[in-house]
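Student: Starting from the given sequences, assemble the full structure and let the hints guide the process.
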Amino acid sequence: MKLVNSTLAALRAVRVNKLRSALTMLGIVLGVSSVTVMMAVGGGASQRIQTEMRNLGANTIVLNSGALKSAGVSKGQGSRPSVTLADAQAIENEVPAVTATSPQHNFAGMQLIYGNANWSTLVTGTTPEYLTIRNWAVSRGRAFDREDVIQGSKVVVLGRTVAEQLFGNQSPVGQEIRVNRVPMTVIGELAAKGQSLAGVDTDDTAVIPISTALNRVVGRNPANPRAISGVIIKVRDGANMASAFSDIRQVVRERHGLLPAQEDDFHLINLTEVMRAKEDSARALGILLAAIASVSLLVGGIGIMNIMLVSVTERIREIGLRLAVGARRSDILGQFLVEATILSLIGGIAGVVLGLGGAVAVERYADLGVVLNGQLSLVAMAFAAGVGIFFGFYPAWKASLLQPVEALRSD
Amino acid sequence: MALVAVSDLTKTYMLGQTAVPALRGISLAIDRGEFVAVMGSSGSGKSTLMNLLGCLDAPSSGTYHLAGQDVLRLSSNKLAAVRNTSVGFVFQQFNLLARATALENVELPMVYAGIGWRERTRRAREVLAQVGLSDREHHRPSQLSGGQQQRVAIARALVNQPLLLLADEPTGALDSVTSDEIMATLVRLNEGGLTVIVVTHDAEVARYARRVIHFKDGRVVSDDLNQNIRAAA
Ligand SMILES: Nc1ncnc2c1ncn2[C@@H]1O[C@H](COP(=O)(O)OP(=O)(O)OP(=O)(O)O)[C@@H](O)[C@H]1O
Ligand SMILES: [Mg+2]
Numbered sequence: 001m002k003l004v005n006s007t008l009a010a011l012r013a014v015r016v017n018k019l020r021s022a023l024t025m026l027g028i029v030l031g032v033s034s035v036t037v038m039m040a041v042g043g044g045a046s047q048r049i050q051t052e053m054r055n056l057g058a059n060t061i062v063l064n065s066g067a068l069k070s071a072g073v074s075k076g077q078g079s080r081p082s083v084t085l086a087d088a089q090a091i092e093n094e095v096p097a098v099t100a101t102s103p104q105h106n107f108a109g110m111q112l113i114y115g116n117a118n119w120s121t122l123v124t125g126t127t128p129e130y131l132t133i134r135n136w137a138v139s140r141g142r143a144f145d146r147e148d149v150i151q152g153s154k155v156v157v158l159g160r161t162v163a164e165q166l167f168g169n170q171s172p173v174g175q176e177i178r179v180n181r182v183p184m185t186v187i188g189e190l191a192a193k194g195q196s197l198a199g200v201d202t203d204d205t206a207v208i209p210i211s212t213a214l215n216r217v218v219g220r221n222p223a224n225p226r227a228i229s230g231v232i233i234k235v236r237d238g239a240n241m242a243s244a245f246s247d248i249r250q251v252v253r254e255r256h257g258l259l260p261a262q263e264d265d266f267h268l269i270n271l272t273e274v275m276r277a278k279e280d281s282a283r284a285l286g287i288l289l290a291a292i293a294s295v296s297l298l299v300g301g302i303g304i305m306n307i308m309l310v311s312v313t314e315r316i317r318e319i320g321l322r323l324a325v326g327a328r329r330s331d332i333l334g335q336f337l338v339e340a341t342i343l344s345l346i347g348g349i350a351g352v353v354l355g356l357g358g359a360v361a362v363e364r365y366a367d368l369g370v371v372l373n374g375q376l377s378l379v380a381m382a383f384a385a386g387v388g389i390f391f392g393f394y395p396a397w398k399a400s401l402l403q404p405v406e407a408l409r410s411d
Numbered sequence: 001m002a003l004v005a006v007s008d009l010t011k012t013y014m015l016g017q018t019a020v021p022a023l024r025g026i027s028l029a030i031d032r033g034e035f036v037a038v039m040g041s042s043g044s045g046k047s048t049l050m051n052l053l054g055c056l057d058a059p060s061s062g063t064y065h066l067a068g069q070d071v072l073r074l075s076s077n078k079l080a081a082v083r084n085t086s087v088g089f090v091f092q093q094f095n096l097l098a099r100a101t102a103l104e105n106v107e108l109p110m111v112y113a114g115i116g117w118r119e120r121t122r123r124a125r126e127v128l129a130q131v132g133l134s135d136r137e138h139h140r141p142s143q144l145s146g147g148q149q150q151r152v153a154i155a156r157a158l159v160n161q162p163l164l165l166l167a168d169e170p171t172g173a174l175d176s177v178t179s180d181e182i183m184a185t186l187v188r189l190n191e192g193g194l195t196v197i198v199v200t201h202d203a204e205v206a207r208y209a210r211r212v213i214h215f216k217d218g219r220v221v222s223d224d225l226n227q228n229i230r231a232a233a
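Residue numbers (our numbering), protein chains in the order written: chain V, 1 to 411; chain R, 1 to 233.
The set of hints was computed from the structure by calculation and includes no laboratory data. The beta-carbon is built from N, C-alpha and C at its ideal position, and this holds for glycine as well. A portion of the hints provided could be inaccurate.
What the hints assert, rightly or not - Derived CB-CB ranges, DEER-like: (1) LYS78/R / VAL353/V: 45 to 55 Å; (2) LEU8/V / SER134/R: 22 to 32 Å; (3) ALA22/V / VAL221/R: 21 to 31 Å; (4) VAL353/V / SER75/R: 40 to 50 Å; (5) ILE349/V / SER41/R: 54 to 64 Å; (6) PRO21/R / ILE349/V: 54 to 64 Å; (7) LEU8/V / SER41/R: 40 to 50 Å; (8) ILE346/V / GLY132/R: 33 to 43 Å; (9) MET14/R / ILE302/V: 29 to 39 Å; (10) LYS398/V / ALA129/R: 33 to 43 Å; (11) ILE302/V / GLU126/R: 44 to 54 Å.
Claimed, not checked - If you want a taste of the chain R side facing chain V, the calculated C-beta under 10 Å gives, among others: (12) GLY54; (13) CYS55; (14) LEU97; (15) GLU104; (16) GLY146; (17) GLY147.
Tutor: This is the structure:
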């Protein structure tokens, strides 16, 4: 009976003091929804890293031509071409932990022309294993095969972005385009992968047989006609990456006839480590977002506090009046507790709903993956509700200790 | 036995380090059915006494028995029950809930008495009718005149059928015609058997009462029967 009365009185107060109720809830709604959105975006970033890692990074080592540093001076990758197709074959044959290699010969910013449309992109000459290693599916047509590599066929597989730029929504399969002025047939289109974490459009690429790249499209390096850009190396799952890394290095050094005192004339990168670094930066981003979310939650909390404290005088008179006509302390406390709880709960639920909506909107319109974290939303809700309940309840609790006249006289 | 029996009641307010004695030892006995006017200059302690009689404040010393009950020894819940059902208080400033209708304001004491809403509404209507406000049930205080607001406040004070009605300058904020109406209402209630204590500055208002008590500096200086009672209008 008493609880029913308190609840009714509280509901009345919520309904009657619309502005105060709305402003209180606004603070809670903003705090909770921003936490929900921020955490969803942060979660999305770390999930994207993990996806990228699965797509490409895990157990992958990249071998590039040229030393990263020569006599202390950075010369950039591929500055002194040294890696050859035979190196790739030797790595696959001699290092047991290696399951596949994919040699690459590529050129960034090569012009592709179809009719009036033209587009510059990264052209990669490689072997069929490339798509397997990168977990990359063909969405239309087919990929080139070993035969195409042996024949040096003039065939090309386009990334989604390139296909779109040259052909719009039309299927590119079977069409003839010019790659660096060489006429080639489009035989397939790659499935869209989207942006990598660095913001690079992974789909802005074209893939051709490595023989075609060396002999016709990209051309050979005059300093070393046998040289290619690099090799992607896949290491068996569960193998020790560090020892595979040093085995590969040893094989290449021997093949290049380097003396122990000489520096590497190639550049070996463990992508797993690169990914780990990216993961660290995603974690930092997550912490930053969490900090922003906490601040907005705090600001929301301060908003709630202000509204509650500003309306206190009026409320204390109300409490005095209620006490004067016979309310017990417990009646007053019950009413204010229920009132603050109702406001906080409605605000909290609205905040979670708005936050989820916001996260979905970010996913759809900003094209950023998000991962919803219900637990964190609940924590934010509990915090906001705690602030709302405390500041709604505490002044009432203090006022209920006053003599009725003292409360009535307050100003 | 007197309905109201106070002896040696004192109240001293503390303003920082200075003690402000508002009541310096009041002893009074008021019987059931009396109509008492309390008069005295401003600051003489009238409101202080009323608040103590209404259990809205605690005295510094002395005793107070209401209907034989030692109210100063009651627990806070029992005291709430006394405020709720034994005493009705009418304030100079009305003190209505601004955002509630007349009907809801009158229902408020019954909410705390644990009376069901059906019965509440019925009784609130009845009492509002007694004070002549049947057609104003759903008006908010801001939509009522001062006299009407005070009659809502009286209805609220009466709705739990108290033993004692305390009115602290109930007509202080009203013009003389309206104040006559309010006083007429109180006289009528007193004739029905209710004990009424009214604080007033206005000798005309005091003439309605059968007994007039004068205050000065926190003490009773005279306590007389009114030889010249004014009939209710
Ligand atoms: N809350 C308070 N704190 C300090 N002093 C107070 C307080 N309330 C009243 N007083 C003092 O107590 C004395 C009596 O005040 P009280 O309000 O009882 O006077 P009153 O007779 O009702 O006057 P009035 O006719 O103006 O209403 C006054 O001197 C007043 O200043
Ligand atoms: Mg006074």
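Student: All the hints need checking, so say for each whether the structure fits it.
Tutor: Right, here's what the structure says about each hint:
For the pair LYS78/R and VAL353/V, the supplied restraint of 45 to 55 Å holds, since their beta-carbon distance comes to about 47 Å. For LEU8/V and SER134/R, the hinted distance range of 22 to 32 Å is satisfied, since their beta carbons lie about 25 Å from each other. For the hinted restraint 21 to 31 Å between ALA22/V and VAL221/R, the CB-CB distance of approximately 55 Å leaves it violated. Judged by the Cβ atoms, the range 40 to 50 Å given for VAL353/V and SER75/R holds: they are separated by roughly 46 Å.
Separated by about 59 Å at the C-beta atoms, ILE349/V and SER41/R satisfy the suggested range of 54 to 64 Å. For the hinted restraint 54 to 64 Å between PRO21/R and ILE349/V, the CB-CB distance of approximately 55 Å keeps it satisfied. Range check, LEU8/V to SER41/R: Cβ separation about 45 Å, and the 40 to 50 Å hint holds. Distance hint check for ILE346/V and GLY132/R: the Cβ-Cβ separation is about 41 Å, which falls inside the suggested range of 33 to 43 Å.
At about 35 Å, the beta-carbon gap between MET14/R and ILE302/V stays in the expected band of 29 to 39 Å. Distance hint check for LYS398/V and ALA129/R: the Cβ-Cβ separation is about 39 Å, which falls inside the suggested range of 33 to 43 Å. The given range of 44 to 54 Å is respected by ILE302/V and GLU126/R, whose C-beta atoms sit roughly 48 Å from each other. Taking 10 Å as the C-beta contact cut-off toward chain V, the hint placing GLY54/R at the interface holds, the least distance being around 7 Å.
Contact between CYS55/R and chain V, as hinted, is supported at the beta carbon level, the nearest pair being about 8 Å apart and thus within 10 Å. The beta carbon of LEU97/R is positioned within 10 Å of a beta carbon in chain V (closest approach about 7 Å), and the interface hint is therefore held. At about 8 Å, the closest approach between the beta carbon of GLU104/R and any beta carbon in chain V falls short of 10 Å, and the interface hint on this residue holds. Hint on GLY146/R is violated. Least Cβ distance to chain V is approximately 18 Å, over the 10 Å limit.
A least Cβ separation of about 20 Å between GLY147/R and chain V goes past the 10 Å threshold, and the interface hint is therefore violated.
Taken one by one, the earlier hints fail for this structure at numbers 3, 16, 17, listed in ascending order.
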